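Chemist: Since chain A is already given, all that's left is putting chain B on it; use the hints.
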Amino acid sequence: MIHSLFLINPSGDIFLEKHWKSVVSRSVCDYFLEAKEKALEPEDVPPVIHTPRHYLISIYRDKLFFLSVIQTEVPPLFVIEFLHRVAEMIQDYFGECSETVVKDNMVMVYELLEEMLDNGFPLATESNVLKEMIRPPTILRSVVNTLTGTSNIGDTLPTGQLSTIPWRRAGVKYTNNEAYFDVVEEIDAILDQSGTTVFAEIQGVVGACVKLSGMPDLTLSFMNPRLLDDVSFHPCVRYKRWESERVLSFIPPDGNFTLMTYHVNAQNLVAIPVYVKQSISFFESGSGGRLDVTVGPKQTMGKTVEGVMVTVHLPKTILSVNLTATQGSYTYDNGTKLLVWDIGKLNPQKLPNLRGSLSLQAGAPKPEENPSLNIDLKIQQLAISGLKVNRLDMFGEKYKPFKGVKYITKAGKFQVRT
Amino acid sequence: HESIPGYISESCLVYKRASAMNDDLKEMLESNKESLKLEAMKRVVGLIAKGKNASELFPAVVKNVASKNIEVLKKLVYVYLVRYAEEQQDLALLSISTFQRALKDPNQLIRASALRVLSSIRVPIIVPIMMLAIKEAASDMSPYVRKTSAHAIQKLYSLDQDQKDLLIEVIEKLLKDKSTLVAGSVVMAFEEVCPDRIDLIHKNYRKLCNLLVDVEEWGQVVIISMLTRYARTQFTSPWKEDGVFDEHSERAFYESDEEKTRNEPEAKPYMMDPDHRLLLRNTKPLLQSRNTAVVMSVAQLYWHLAPKNEVSIVTKSLVRLLRSHREVQYIVLQNIASMSIQRKGMFEPYMKSFYVRSTDATHIKSLKLEILTSLANEANISTVLREFQTYVKSQDKEFAAGTIQAIGRCATNISEVTDTCLNGLVLLLSNRDETVVAESVVVIRKLLQTQPTQHSDIIKHMAKLFDNITVPMARASILWLMGEYCERVPKIAPDVLRKMAKSFTSEEDIVKLQTVNLAAKLYLTNSKQTKLLTQYILNLGKYDQNYDIRDRTRFIRQLIVPNDKNGALSKYAHRILLAPKPAPLLESAYKDRDRYQLGTLSHTINTKASGYLELSDWPAVAPDQSVRNVEVIEPVKIHHFIFPSTAHPTPALHQGWSWSTLSPKLQINFSGSDAESRVENSSQSSEESDESSSQSEKSSSESESDSEKKKRKTKTPLQKKTVKPTAKDGPYLSKCYQPTFCSSDLFIFSLILSVCPPVYSALSPLSLSFPLQVSGPAFVPEKSHDLLHRMTGKGLSAQYQFPRQPCLYQPTMVSVQISLTNTSDHPLEQIHIGDRSPTGLNIHCFNTVECLEPEASVTVFMGIDFNDSTQAANFQLCTKEDHFSVSIQPAVGDLFLPITMTELDFRKEQGELSYSVNYKKYHNHYLTHLVSPVPCRFAGKTASSGAVVLVTVELRESSTALITINTEKSVMGSMLLRDLKQALAQA
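These protein sequence lines map, in sequence, to chains A and B.
Number 379 in the working numbering belongs to position 379 of the first sequence; there are no gaps in the numbering.
Count along the second sequence from 1, add 1000, and you get the number used in the working numbering.
Pulled out of the complex, with its shape left as it was, chain A reads as follows:
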């Protein structure tokens, strides 16, 4: 299956390699680097590259390329999914996934990779199991390690792998038993020039942070599970229970995890929390143009819209911008032609506006298309679909846990065409 893994930074340096079968020379990466040179953006590098002897499957994430070498037929998604798990694992262990972090923890990352695959086939990918074998670093532990020369590799052997619930480690103990759930919904939308919704849907994630002792058996139910059109679950969720009663019944992993993701039926009308009035125009003469954007609240269910941000990829021929914002501040990077207007909280009484002039490079023709606006926003304490958690019950343990649910709505891929 997966033969080797190379970690490559955006400038093309290979800074980590791991082989699960015989060693493959790193010259195999040249094919990839060639493709990378050709692509305009790192995102445009094709995920699957066919070379004479190997197949290269790569992902680009957190400004790093994870490149795996494959020799025989394997479902590409299998590899891609695994590579993302590697990135998530690094993130989980060290707080972020970046070149410096990997370089600083080279040995540990290498050991983790060793445990994750055996002969190229995934062996332990559950964070709970891995953490039992190789403890994540903490400041205290690294001080102790340097003083005593010990390491983070656990003395205990992993028991999680042996159990039928590999996602949970045994013997969990907390003094404060808590279970928090975050219902995060993202609105994906495309609005056209006139503000009409071309396409809108809601994607939700129920994230959890469960710190409960022992082997708790949780049941989470919703007030209105009918809203959920399509769902996917963490392996801990009992599917049959969901099928028959629409409740989530599970023995949770320890710590942070994604319990479920869902999709709200797109046929229903999706509430669009903001409206955008915009006019971007270029003079026929081709010397410049005007930009005028106003953002206002629309269907917000009485909540405040925060963290509003408008991002515009201006045409390449733009030379400079001269704008004024009535609220927040804007930045413009002439290299990437990226205009970012950070508005912050929306005030319905005084709508934020950004206007001013754009000047084009001398002699450049009038741009063919107006750039589209990407909107970012956040609404606390609201799941825009109206989904509500009904109750959380715990069985199997005696103590009373502290429970909490938080709702948040965000803009996903929210685009306004102009």
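What the hints contain is simulated information worked out from the structure, not anything from laboratory work.
Every value quoted in this text rests on a predicted model; they were computed, and no experiment measured them.
Note that beta-carbon positions come from the ideal geometry of N, C-alpha and C, so glycine has one too.
Wrong hints could be hidden among the right ones.
Which residues of chain B face chain A? A few of them, derived with a C-beta cut under 7 Å, are [claimed, not checked]:
| no. | residue |
| --- | --- |
| 1 | R1320 |
| 2 | L1601 |
| 3 | I1605 |
| 4 | S1610 |
Computed list of lysine to any residue pairs in SDA-like fashion (alpha-carbon distance at most 25 Å, straight line) [stated by the list, open to error]:
| no. | chain 1 | residue 1 | chain 2 | residue 2 |
| --- | --- | --- | --- | --- |
| 5 | B | K1397 | A | F199 |
| 6 | A | K303 | A | G207 |
| 7 | A | K413 | B | V1319 |
| 8 | B | K1207 | A | R238 |
| 9 | B | K1397 | A | L338 |
Computed Cβ-Cβ distance ranges for the label pairs, DEER-style [to be verified]:
| no. | chain 1 | residue 1 | chain 2 | residue 2 | range |
| --- | --- | --- | --- | --- | --- |
| 10 | A | G412 | B | D1196 | 43 to 51 Å |
| 11 | A | E88 | B | K1591 | 43 to 51 Å |
| 12 | A | L338 | B | K1542 | 50 to 58 Å |
| 13 | A | H50 | B | P1195 | 21 to 29 Å |
| 14 | B | N1380 | A | G195 | 18 to 26 Å |
| 15 | B | P1195 | A | S27 | 30 to 38 Å |
| 16 | A | E96 | B | H1883 | 58 to 66 Å |
| 17 | A | G195 | B | K1397 | 21 to 29 Å |
| 18 | A | H50 | B | R1575 | 42 to 50 Å |
Modeler: Using the frame of chain A, we list chain B on its own:
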């Protein structure tokens, strides 16, 4: 001159530094201090990770392989060893004995890790040792070690292919394994070593299907893809329309009536093999997996195996994956592109999910475009075209060009919009961007070719634009159009040629070629005006730098200019050059992709990847289905006599049902002489052992006094009994129509009956195998509980009771029997069930009792799904005037249904359950005072989720016994145990 020595010394320094570092490391590794060694090993592993060579240190490192002190150090040494053993084979051999020793370690994890490292050392000399280790590990107690051995199989196979036969034996053995831990890994080994040995799968097919949901996600992917291949060889096609129907009609045509009648049975309607259905059913829940690879593999399974009308259930999940990472989107979109060509309808409702965003990566954009084009039909074309209009304006010109091609495809596929598209494209010709214009010209050319008659206006328009268009392909296309349809634009064409003659030398090759073509065609149709121009161009072409152009010029000249030598051919020049040409087909690049199995690497790269396994065609006739039957040594089927609860009359319907389902089986039970003897045997012993049972033997229905008597009696056996151990290794025969008891069972059984009515009776003493078969309860407690007191109920009193029958209404429900009595002096009307809480509570209500006369009572049945919890079900009992909130609280025992299984299955099941349970500490051992010479076993399953609950009572010492409860339902298990303990304590 000074700089060069400087360079040399610097590189020397680097070299020296490297070797000095190695020396340092060597020293550290050889020191006595563990901490130094550890530090050194860390650095060495760091070097390996960076891809630096650390092979020099091999001797120093390998010495530490037997290090006893720290687990950590050992692990790092292993890492090193696996990396360099291949290069230093002789030295590597020194470490082997350590691993051989570790293979015998009592700790399963150490055994597993030893096998893992041993098998990763790619040294051919140790092949026999590896083989031996794998064989032993394959029969290890621990499933984890067995899993490791499955991985080792693949490693050994890649090292030495001659071991294949021996390895297949191991695979065969491991395929029989029932542990979910092993399943994925062994199927992986199977796929790598012997994918063609489909015969090994037969017997394990059903097991694999059933285990699938519980296998870890990566294993699921592998198993599903293997089962897809398997199914295509074993089942007949469910896509009946294409195959069966055609065949039938053909036969009707060719064959005589007589033959037709003979063949009739063949043409019987398609029936799906139950095993085929099993696979489809068991993979469906996995569409909800968080792992995108699993979802994709289920989707491809449905695509390749499901009847056409069922395939669309995967649509939603595939569309969901589009929210995932960019790379995932890429693969999923590719597969959707292939699917949407054959089955537009599948993705049409989700068309908007394929709308392109300006932030999408280039390859994602073009795939979405591809799919949108495939999905376009008469109904939605206007929406699609409107969407395309925005794309054409995109800043990403490559994408805009792609969109124009897509418009062209829509125009050819949907004849209604051809004109609209063409006009739109013509408008694009005045676009400022060159690529857009060029692409439009090319697409227009293709479109015009399909309907050449009507569009001379467009050709004229293009001729006008010709001067402004600089992209060679576009210019060439216009020239070709001019030439092809020169008769429709007789005035313009020669003028274009004139312009071209002027600029000929500075044009691109492709334009030159088309100029020559144009010249030739005009010469043939309008030689008066163009003769000179043509000659001029041919002369220029003759001396061109490019071979092709010189070649073409020569050929054209010979063809069109008549001379003496080749008069024969020039006669046909007109027909050769101006022959009607077929229109180019605008079709998808994904058209034939589905010759590869979806979701595979081969599908993605559109060539056969090495190791790709072909999906075979459906067989015309299904191979023998019985190969998948698993031989179970048919144990005597045992059915428990249902103690009719005499305290209250059981309605006929209910009783009738249970008997009728049970009785056919009874006949089977007694067909074997073995069974009979056992019945005899046990009945004898039961006579000896317990009076009450012999009483029960005599009468098939017990009176209330009987059961009371029994209760009384069974309180004593602790002191007085010696029980014959019968049927030790066979199934325990507990009861049959004529209730007879195997003594030991009965013993415990009756004991339990007396001591622990709410619990134990719901579990049946064991017998039979999978699938879990529900049998009748062995004991039904007569105790009824108050549901509604007559005082609070204003005259209506209700009592409930659990008859412990499988619920008629739904298998997950527990049936509840309610007796309603009217104690008031007036009739009560319309007694029914009202609101319930929790709201999700699944209740099957009884039919409304229209009227209940004073002093009359009625018994009704309802079903409640308690979800395997003892939480009370609250609901309202309503009459016409009032409603009363009532609640039903089940005891743990009421939530079980007895099942029968063989002792063998029991043990296996127990082994699997105790594993998880043991670890999870659900496994409880309690010593209680019990006397029984043989272990007694009781099996049941929970009503709602069907989780197996196994109870074993085992004698430990003279006065103590061990109760083991195996179940995955931890809560239920502990509650059951608590109840048992209480009950036994009372006894």
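Chemist: For which of the previously enumerated hints does the structure constitute a violation, in increasing order of number?
Modeler: Structure breaks hint 11 only.
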